[in-house]
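Number of protein chains: 6
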Amino acid sequence: MADDVWLSSLITETPQKGFELAIKLARMGVKYTQPSAEVRDKLRAVYGEDADSLILSSQVVAVNFQTVAAANNYWK
Amino acid sequence: MADDVWLSSLITETPQKGFELAIKLARMGVKYTQPSAEVRDKLRAVYGEDADSLILSSQVVAVNFQTVAAANNYWK
Amino acid sequence: MADDVWLSSLITETPQKGFELAIKLARMGVKYTQPSAEVRDKLRAVYGEDADSLILSSQVVAVNFQTVAAANNYWK
Amino acid sequence: MADDVWLSSLITETPQKGFELAIKLARMGVKYTQPSAEVRDKLRAVYGEDADSLILSSQVVAVNFQTVAAANNYWK
Amino acid sequence: MADDVWLSSLITETPQKGFELAIKLARMGVKYTQPSAEVRDKLRAVYGEDADSLILSSQVVAVNFQTVAAANNYWK
Amino acid sequence: MADDVWLSSLITETPQKGFELAIKLARMGVKYTQPSAEVRDKLRAVYGEDADSLILSSQVVAVNFQTVAAANNYWK
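Chains as they are written, first to last, in the numbering used here: chain F, 1058 to 1133; chain C, 1058 to 1133; chain V, 1058 to 1133; chain G, 1058 to 1133; chain Z, 1058 to 1133; chain B, 1058 to 1133.
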């Protein structure tokens, strides 16, 4: 993973693309801890039906979106 | 979802509209992980009656509201 | 709820009034997800006696208080 | 509680007094939700022996300490 | 505890010492709530073997490290 | 651990290396609390298969990434 370039910049064209980058960051945070795509897919089937897991996921996105939004000076 | 434009700006007219945008961001954070409206509706019926889920939801809104408020220079 | 004006400014006279606004924001975060006052009252009776729920609630207030305090330039 | 003045300033003489103010803010966040001292004392006996509750409490303090530290320009 | 001076400055020589101060702040957040060293030692034996407790602890350190890093202007 | 130098700077060449530093900070937050590599390896096998643990881990990374990104002025 360290050899893949998956994050070359925090700058995005629009707030929405910034939000989508925040989602990617949240997923990469999981991927570094659990590199197996097979395991992650299995888990996603479970937590995608669990309200608290979904709310927690949304919070990780929110924290990452703060970073991306600040990097983009809030697209002002 | 990536084709829909649902977030073109973080700027809102009033703090209250900013808070409502924060709620939208929290929900979109869930929607990207669980795209099925049917599943989300089913889960909402459950977590809407669970105190901890509601408190966690409010926290996600709070984190997103920090971002929106900063983007709007706190509506000063 | 969208028709009610309940948040017209983040500016408060004192830090304490700012803290109380943070509490209001935390509660509104819950209210938008669970609009029924009856359900919320029932849940409050439960989580008011649960230590972890109270600590989580205090955290939501803390996150909102960061926003309100920054908006008021920390009442300096 | 709204009639008591318990927070007139975020400014403290030292970082340590700032940390202690952050603890007070965390406790007040609980107190506004559960005003009964009797209930809070009962709960404290329980969560004081629960590792996760203590860690969560420490997190609420940490979030409030961010606010107090920023208000004091980090005592620089 | 209030009589002990344990935090006279947020400034540290290096980022690593700042991280170690963040750990101290996390522990002090627990200590103010549970002053008994005996109870804390007993709990540490438990949560030191619990993955979620360790992750939550790391999060409290992360929040405190934000404060310490900002105080040190990120050691730039 | 205090004798090892593992963090001499928050500055990284790229956002991706910054994200990887955030992961390291999250792991060090665990390591200071649970110094035994053997115990940590055993726990990792468990939480690597638990969705909520992975989401929580990703959140710790997100909080640390805020710090690293700010230190690097968002690599702008």
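Treat the hints as calculated values from the structure; they're not laboratory data. Everything numeric in this text was worked out from a predicted model, so none of it was measured. Where hints are given, some of them may not hold.
Because identical chains cannot be distinguished in the list, a pair is counted as satisfied if it fits within a single copy or across any two copies.
Said to hold, decoys possible - Listed below are the simulated BS3-like cross-link pairs for lysine-lysine, each with C-alpha atoms no more than 27 Å apart in a straight line:
#	residue 1	residue 2
1	K1088	K1133
2	K1133	K1099
3	K1099	K1081
4	K1074	K1133
5	K1074	K1088
So, going through the hints one by one against the coordinates:
1. K1088 <-> K1133: Classified as between: cross-chain Cα gap 26 Å, same-chain 32 Å, threshold 27 Å.
2. K1133 <-> K1099: Answer is neither: 40 Å inside a copy and 38 Å across each miss the 27 Å cutoff.
3. K1099 <-> K1081: Both: 18 Å inside a copy, 26 Å across copies.
4. K1074 <-> K1133: both (14 Å within a copy, 18 Å between copies)
5. K1074 <-> K1088: The answer is both: 21 Å in one copy and 15 Å across copies each meet 27 Å.
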